[in-house]
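Visitor: Top to bottom, those sequences are chains A and B.
For the first sequence, this note's numbering assigns the number 1 to the initial residue and increments by one for each residue that follows.
For the second sequence, this note's numbering assigns the number 1 to the initial residue and increments by one for each residue that follows.
Derived from the structure by calculation, the hints contain no laboratory data.
Given the structure is predicted, the values throughout are model-derived calculations rather than measurements.
Glycine included, every Cβ here is placed at the ideal spot set by N, Cα and C.
Fair warning: there could be bad hints in the mix.
Covered stretches of chain B, going by a simulated chain A footprint (3 or more residues, C-beta under 8 Å) [as the list claims (entries may be wrong)]:
hint, region
1, 51 to 59
2, 89 to 95
3, 101 to 107
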Amino acid sequence: MRQLITFIRKEFLHVLRDRKTLLMLFGLPIAQIVLFGFALSNEIKNSRIAVVDYSKDPTTTRLISKIAASDYFDIQRSLASADQLHTAFKKGDIKMAVIFPASFGDDLTHTGKATMQVIADASDPNQATTITNYLSQIVTDYNTELAKDAGQPMQINPETQMMYNPELRGAPNFVPGVMALVLMLVCTMMTSVAIVKEKELGTMEILLVSPFKPVYIIISKLAPNLLISVLNLFIILFLSWLFLDLPVKGSLVLLVTCSILFILTSLSIGLLLSINARTQQAAMMGSLMGMMLPTLLLTGFLFPIENMPLALQLLSNLVPSRWYFIIVKRVMLKGLGITAIWREMLILTGMCILLFTISLKKFKIRLQ
Amino acid sequence: MINLTNIKKSYNKGQIPAVSNINLSVDRGELFGLIGPDGAGKTTLFRILTTLLLPDEGSATVDGLDVVKDYARIRSRVGYMPGRFSLYQDLTIEENLNFFATVFGTTIKENYHLIEEIYQQIEPFKDRRAGKLSGGMKQKLALCCALIHKPTVLFLDEPTTGVDVVSRKEFWDMLQRLKQEGITILVSTPYMDEANRCDRIALIQKGSILSIDTPKGIVDAFPQNLYAVRSTKTHQLLRDVREYPDTDSCFAFGESLHVTFKGDPQPLIPYLNKKGQTDATMEKIAPGIEDCFIHLLNN
Chain A
1 MRQLITFIRK EFLHVLRDRK TLLMLFGLPI AQIVLFGFAL SNEIKNSRIA
51 VVDYSKDPTT TRLISKIAAS DYFDIQRSLA SADQLHTAFK KGDIKMAVIF
101 PASFGDDLTH TGKATMQVIA DASDPNQATT ITNYLSQIVT DYNTELAKDA
151 GQPMQINPET QMMYNPELRG APNFVPGVMA LVLMLVCTMM TSVAIVKEKE
201 LGTMEILLVS PFKPVYIIIS KLAPNLLISV LNLFIILFLS WLFLDLPVKG
251 SLVLLVTCSI LFILTSLSIG LLLSINARTQ QAAMMGSLMG MMLPTLLLTG
301 FLFPIENMPL ALQLLSNLVP SRWYFIIVKR VMLKGLGITA IWREMLILTG
351 MCILLFTISL KKFKIRLQ
Chain B
1 MINLTNIKKS YNKGQIPAVS NINLSVDRGE LFGLIGPDGA GKTTLFRILT
51 TLLLPDEGSA TVDGLDVVKD YARIRSRVGY MPGRFSLYQD LTIEENLNFF
101 ATVFGTTIKE NYHLIEEIYQ QIEPFKDRRA GKLSGGMKQK LALCCALIHK
151 PTVLFLDEPT TGVDVVSRKE FWDMLQRLKQ EGITILVSTP YMDEANRCDR
201 IALIQKGSIL SIDTPKGIVD AFPQNLYAVR STKTHQLLRD VREYPDTDSC
251 FAFGESLHVT FKGDPQPLIP YLNKKGQTDA TMEKIAPGIE DCFIHLLNN
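Bound-form chain B, shown alone (with noise of 0.2 Å):
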């Protein structure tokens, strides 16, 4: 369904490199995840797909169609909500809904059943000026705008960002059900929880795609034991640890360190104990997206 094939791309001449060598393809129906910090090229690929930027090198494809050559049939078929809050403020919730059903030669009644869940949530505010919803609002409003023409891929950037804890899981679980309507969906966030919600997910660093693979198979692929070591002098913990001479990597996670070993783990908390850390606890965990994540930056 997206095929992006050694996509290369830069800007200001090539002096500011965005993304490079980028090879990824999604299937139909699938939810797939790009996850990456700020700054990662996120942003640049979905401009891409969407036909907004040309990229330098390499090709890529939607729905089959080249985003260079038949960038005007891709437009009509594909639902794009970028990053920042891009509807009408100063028209109300129905204006903007309206006004975006009938660019794309539809109405609000034609696909009505794809939205409705969400803009009932919305619907008690519809008079309310876009300007004027709080977050959560804002991103329900604009999914349905993306959503009101039933397109065949929805391309969703960072659609969390800024949102409540409640409304993210809300979000999330629309975007379950959308996949059951048979829409393929490009979504991109920097929460690494949020990476378990996908089918499949590419982590993708400084332009270049670390892994791609299922959120289970990125964490099974974790090829160390990894420990949660906790105290309550959690800053000099991190020192001590890292200096632990078996110490292989060692991140604060929260209130805990993420630990991984080069030898063998058991003689840590002793050495710790020796340290003045004498309320030091080791206990060993299961990776996490993010675990993995900066396993695979530092390899």
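For reference, chain A alone in the conformation it holds in the complex (with noise of 0.2 Å):
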């Protein structure tokens, strides 16, 4: 035990005398949360609605059919009434409900003129603008047409509510892929350095020919940087209350523990990668381009999954960070509980066991 605390110990120094590497650590999570406050807009395709019609008349028949046939929306289900909205929202079922009210119909017959309501998930922001344009371009052509038939002009105006994010910020999204994105690299890049430096400066040749169980030395590299990271963690939600005005809405407690399983995964991916990387170099460049790319790429916070192709989508799945992202979107910006996410929490659990298991059973007792 002495032994462990020993190690442990002259690994902070490690980490506390590389004065560059700890700014560069601390400055990264800083820097990151104000890059991508100018996030990108990008088309989407086969967004999920639901569709609520009090109505029931031909206009609004025709002009569900015509939505549906857009390939811009997959109409997921017909509600009978807008109460199931909420839970459809929360479980992230639809991005977007349209619900006409019960006097469409005649409004639009007697008077020319109807009301129908949009509801979009606000929570990636980007998103629901660009689809809640989408929606009123195709009540737009709509209009066009049915003045056409009735040789008057009609008018359907889309009334657009925006729920979670009103205001439509963009830090309710980022932030969330800021926190894969930093946690995955620094854990990863910082473990693979760790255990390549000693195997490139020969250090790794004394401390195996030493009582010293190769286990200890996996958990004395990996506890500095579980610290780090847990720290860098406070560190984004304290910027994000502070600057952004965002707040952990849900448990702070259920947030940091699946934040931990997060930063254990990708230490264990650290550690897979520092078992074959023989320099420094190799290990930093694995880290960046074998996990950087992916969790930029497949999280979902750059470019939504859904308008990937299916290879691609099926390819997220494995990165951890995806499931990451969904919790903390749930947890911080939805208020949402254990129940929201278990199944995201198992999949992070499963990978982080697999992972630690195969790094434990890889890392070489001997030089070969």
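Using the supplied hints, reconstruct the complex from the two chains, each of which is provided in its own coordinate frame.
Guide: In structure tokens form, the structure reads like this:
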């Protein structure tokens, strides 16, 4: 035990004395938060939506079938009442809901004017704006069509409401993304570099020729990185609360627990990378290319996964940050509890145990 | 104490042979030297003995323990100093020593008497980071770290490479004293002049052992008379001596040539004079380890 503590203390000394790396480690999340404030907008196809039709007349039926025919929308279900909407939104089953009031058909025939309601899940503001715009376009087209048929102007007004993030701020979406990205990068890179450094300097040779157990070497290497990552997590949460006005809506304990789970998964990946890398550069490149790209592309915070080709969608299931991203969005932004995220937690736990076991088994007790 | 039987090892799936057919045994309390140039296979043997590499063929024991099966027990009782300086550059002298003492489950205090003499020389700099030390001080610190747990066998892979002459001499003096403590020492070096400080040596080249004996035994086994030939025009001298019909071997050793003959050496000087080497001299000398090494290589 005393050996382990000494070893862990030594690891902390390495980290603390490498000022440049330390600066980078804590500068990274801050820079990311600033940078990703300017997120990108993209075309979004096959958004899942729900339709509630209280009117049930020929005009609404025709409009609904037009919406259904468009590439942009995929009508997930038609609900009998608007009460069920909240559940569907919270579960993440739908991105938008279209509601036709009971008086819709009458209003249109008698006054030539009618209002429909459009509710969008704005926790991803870019997506919400884009899909409501798509819908408005369909409705405008339909207006012209109706006017031609009736020989007089017809006016259907979509009344848009943004839910969860009415001001359409970008922050709610990119903060979970930055969390996933930063934690993943810091953990994999630091761990793999820390172990490969010992190999490169030749100190691994001495460590192996000592009574110190390999599993202790691993634990000591992971300990400082775990602490730094948790520290980073709190910095990000604090920054988003202070500057982005984005507090943790759900349970902080749950969020931190899930984050530690994700951190451990990332640490295991770093461990795995270090086993085959021979130089620090190789380890660094491996973590950057091997982890940053998949995390950026397949997590879902820059590009919606729903729009990707099937092969990429399947591939994204293997990216741990994808699941973590969902968890953070639900707990931090929507304030949901463990019942909403237990599946994702289970997947992360499975990944973590699997990766750690593999890296433990593969850890070389000799030089070859 | 150390036994190697028919050890063979190659890298890259057999494509690069490292050592083959190595048979060697080191007695308890012996200071044994592996002497050979870079790439001879010394480090490979060290890594096999310290359980870091598995041999392809053959078996080896250290302190009666098999290097493959009992690797964990070997690791807790040997001291190993790899060829490259392998301590933490960003930790101070004291932190490095403390760390290795703890990793081996001991304290600096417990075995201080073993390292005292060496440590006193670097103690004034104990708060200096290891990366900022001179070559000689680094080696002293590395030796302290390898000794701190009172190993039964000490493996030193080229401990004096890149160290100044004075520090090298001090280092070998220390090894002599450690021997008095009953520690078995296996040390490798590419410097032939250090061979004389060992009890016994093995000359090794291209992965095979050429000879194992005491330094004196190896020198005594030199079968011919050896002569040193000198003149001011060294470069031309080498060519001329090699052209002399009775010359057996001729190598440049610093200022002079070391020459052995098939026949009578005496007519060489008149022969050289005729070639214009008017100041050429020749004297009979006792062979050194390096002469023996070259002789063994050529036969």
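Visitor: Taking the hints in turn, state whether each one holds.
Guide: Quick rundown of the hints versus the structure:
1. 51 to 59: Satisfied; 4 residues make the cut.
2. 89 to 95: Coverage by chain A holds here, the residue count being 4 at a Cβ distance below 8 Å.
3. 101 to 107: Holds: 4 residues of the region 101 to 107 of chain B have a Cβ under 8 Å from chain A.
Every hint, counting from the list given before, is met by this structure.
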